[in-house]
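Participant: Next come the chains, spelled out residue by residue.
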Amino acid sequence: MADKYKLDPHSAAILEEYRQQRPVFEKMQETLPAQVRALFEEAGIVVASIESRIKEEASLAGKLELKGAKYASLEDITDVFGMRIITFYTDDVDKVASGVERLFEVDWENSVDKRKLLEVDSFGYLSLHYICRAPDFPYRFEVQMRTILQHAWANMNHDTGYKTGVEVPVEYLRNMNRLAGMLELVDEQFSRIRTEINDYRRQVQSLVASGRLEEVPLDGDSYRSFLNLAPFDTLNRRIASVNQAEIQEVSLMPFLAVFKGIGFKTLGDLADLIRDYSDAAYQIACYQIALTDLDILASSVAPQNLCLAYLLKQGAGRAGIRQMLDTLHGASESNDVMAGIILEQAKDFSFMHAKS
Amino acid sequence: MEVHITESEGTMTARLVGRLDTPASSEVIREVQPLLDHAGETLVLDCSDLTYISSSGLRIFLTLRKAAAAAGGHVVVEGLSSEIRQVFMMTGFLQLFEIR
Numbered sequence: 015m016a017d018k019y020k021l022d023p024h025s026a027a028i029l030e031e032y033r034q035q036r037p038v039f040e041k042m043q044e045t046l047p048a049q050v051r052a053l054f055e056e057a058g059i060v061v062a063s064i065e066s067r068i069k070e071e072a073s074l075a076g077k078l079e080l081k082g083a084k085y086a087s088l089e090d091i092t093d094v095f096g097m098r099i100i101t102f103y104t105d106d107v108d109k110v111a112s113g114v115e116r117l118f119e120v121d122w123e124n125s126v127d128k129r130k131l132l133e134v135d136s137f138g139y140l141s142l143h144y145i146c147r148a149p150d151f152p153y154r155f156e157v158q159m160r161t162i163l164q165h166a167w168a169n170m171n172h173d174t175g176y177k178t179g180v181e182v183p184v185e186y187l188r189n190m191n192r193l194a195g196m197l198e199l200v201d202e203q204f205s206r207i208r209t210e211i212n213d214y215r216r217q218v219q220s221l222v223a224s225g226r227l228e229e230v231p232l233d234g235d236s237y238r239s240f241l242n243l244a245p246f247d248t249l250n251r252r253i254a255s256v257n258q259a260e261i262q263e264v265s266l267m268p269f270l271a272v273f274k275g276i277g278f279k280t281l282g283d284l285a286d287l288i289r290d291y292s293d294a295a296y297q298i299a300c301y302q303i304a305l306t307d308l309d310i311l312a313s314s315v316a317p318q319n320l321c322l323a324y325l326l327k328q329g330a331g332r333a334g335i336r337q338m339l340d341t342l343h344g345a346s347e348s349n350d351v352m353a354g355i356i357l358e359q360a361k362d363f364s365f366m367h368a369k370s
Numbered sequence: 003m004e005v006h007i008t009e010s011e012g013t014m015t016a017r018l019v020g021r022l023d024t025p026a027s028s029e030v031i032r033e034v035q036p037l038l039d040h041a042g043e044t045l046v047l048d049c050s051d052l053t054y055i056s057s058s059g060l061r062i063f064l065t066l067r068k069a070a071a072a073a074g075g076h077v078v079v080e081g082l083s084s085e086i087r088q089v090f091m092m093t094g095f096l097q098l099f100e101i102r
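Read top to bottom, the protein sequences are chains A and B.
Residues in the first sequence are numbered consecutively from 15, following our numbering.
Residues in the second sequence are numbered consecutively from 3, following our numbering.
Mixed in with the good hints there might be a few duds.
[Said to hold, decoys possible] Examples of chain A residues toward chain B, derived with CB under 7 Å:
| hint | residue |
| --- | --- |
| 1 | 256 |
| 2 | 260 |
| 3 | 264 |
| 4 | 267 |
| 5 | 302 |
| 6 | 305 |
| 7 | 311 |
| 8 | 312 |
| 9 | 314 |
| 10 | 343 |
| 11 | 347 |
| 12 | 351 |
These aren't lab readings, by the way, just hints derived from the structure by calculation.
In this text, a Cβ means the ideal position worked out from N, Cα and C, and glycines have one as well.
Next up, chain A with everything else stripped away, as it sits in the complex (with noise of 0.2 Å):
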């Protein structure tokens, strides 16, 4: 079978090996990245993706078409099995990196950082080579190391055929390092996004946690933080208690949509609703469930009262009202005629008609 790639008999004999070896590396695909996986998994390390696979016997052929003397046999190639390790951030790549370390034994001599190895005024391929070794298998791999833009960068170069830097034509070059280039950038970019909206939220954190909510903006991360606080538990106790009911939690991120559209900008606008408005919104509450059995809520109630007293309030009107309803629950004509009810109910509640 060798006959047909030409071989030397040296080079045809590792090739022997190779094919009566194929199991060994069928388990090792079958049994390292899922090492890896259970790692990552564990440490809550997240990656784009993990790849592995087990060099095609032509292509092995080629190589030691090639340079088949330079081995002493298939120990000595490294690469027959691979993994590849994608990950969506440069920071993440040393992070994969340490855990690639604790879990297999590291050749370092024959290991690359290739991030390390490009001249100050060069462009190109980045990427984190470890050969290693892992327990119970006598072959070294390889594993790759890269960001998902690096992965794009090698695949698309890859893909034009050319093997080495010396074949390439000079414009191609030019432009696939460019390109190399701003990749690098825009990795480091996101990056620094990442940190920034780390950054962000742990100072929201801080500043919800020591009541400085006026300084908070609302948005998706700081209104959660706020959440946390179960700032809406009292009023629902309170309107549970009028009969003796029971409170289903829900998720009441939904109403973030309802505050911002009603114009709130600072988590100190919404305790100033709780401060101004919880009387109304028990009272809207007492009105609507004090004569019926009904003696379950759900946690909604709450800011879903509140919303409505502030609206009301501020004379929002039929429109004003349906448009919370249509945030919360989809448009929908029956919203309307909720709010139809509820502007008609509230001509007997006692908030109404108070002076403010």
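With chain A's structure known, arrange chain B on it following the hints.
Facilitator: Same frame as chain A, now just chain B:
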């Protein structure tokens, strides 16, 4: 109180007819068992002919919601009259279900 169950591809529908009050609830929870058995699918509660719902009735809706959430399905409530919709609103139940 009547419950009519129909099944189509990936969807179990219970059409509720009449008053879902406390006395009716114990019977209804038995009759919606096919929906609980298919909690991983889309469960539709057709309320077009539902004229009244008590707390006991709301608890049946909640039981179906919990079962669906645990099994990867979801509950859709449709055909709410304005009276029943009012009950859903004042109890906050509109937030618990997909309403059509």
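Participant: If a hint holds in the structure, say so; if it does not, say that too.
Facilitator: Cross-check of the supplied hints:
1. 256: violated (11 Å)
2. 260: Check failed: Cβ of residue 260 of chain A comes no nearer than 9 Å to chain B, outside 7 Å.
3. 264: holds (5 Å)
4. 267: Result: violated, 10 Å to nearest chain B Cβ.
5. 302: Check passed: Cβ of residue 302 of chain A comes within 4 Å of chain B, closer than 7 Å.
6. 305: violated (11 Å)
7. 311: Holds: closest Cβ of chain B sits about 5 Å from residue 311 of chain A, inside 7 Å.
8. 312: Hint on residue 312 of chain A: holds, closest Cβ of chain B at ~3 Å, below 7 Å.
9. 314: Because about 4 Å separates residue 314 of chain A from the closest Cβ in chain B, which is inside the 7 Å limit, the hint holds.
10. 343: Given a least distance of 6 Å, the restraint on residue 343 of chain A holds.
11. 347: Residue 347 of chain A check fails; min Cβ-Cβ to chain B is 10 Å, beyond 7 Å.
12. 351: Cβ of residue 351 of chain A sits 5 Å from chain B, so the hint holds.
This entry does not satisfy hints 1, 2, 4, 6 and 11, going by the numbered hints stated previously.
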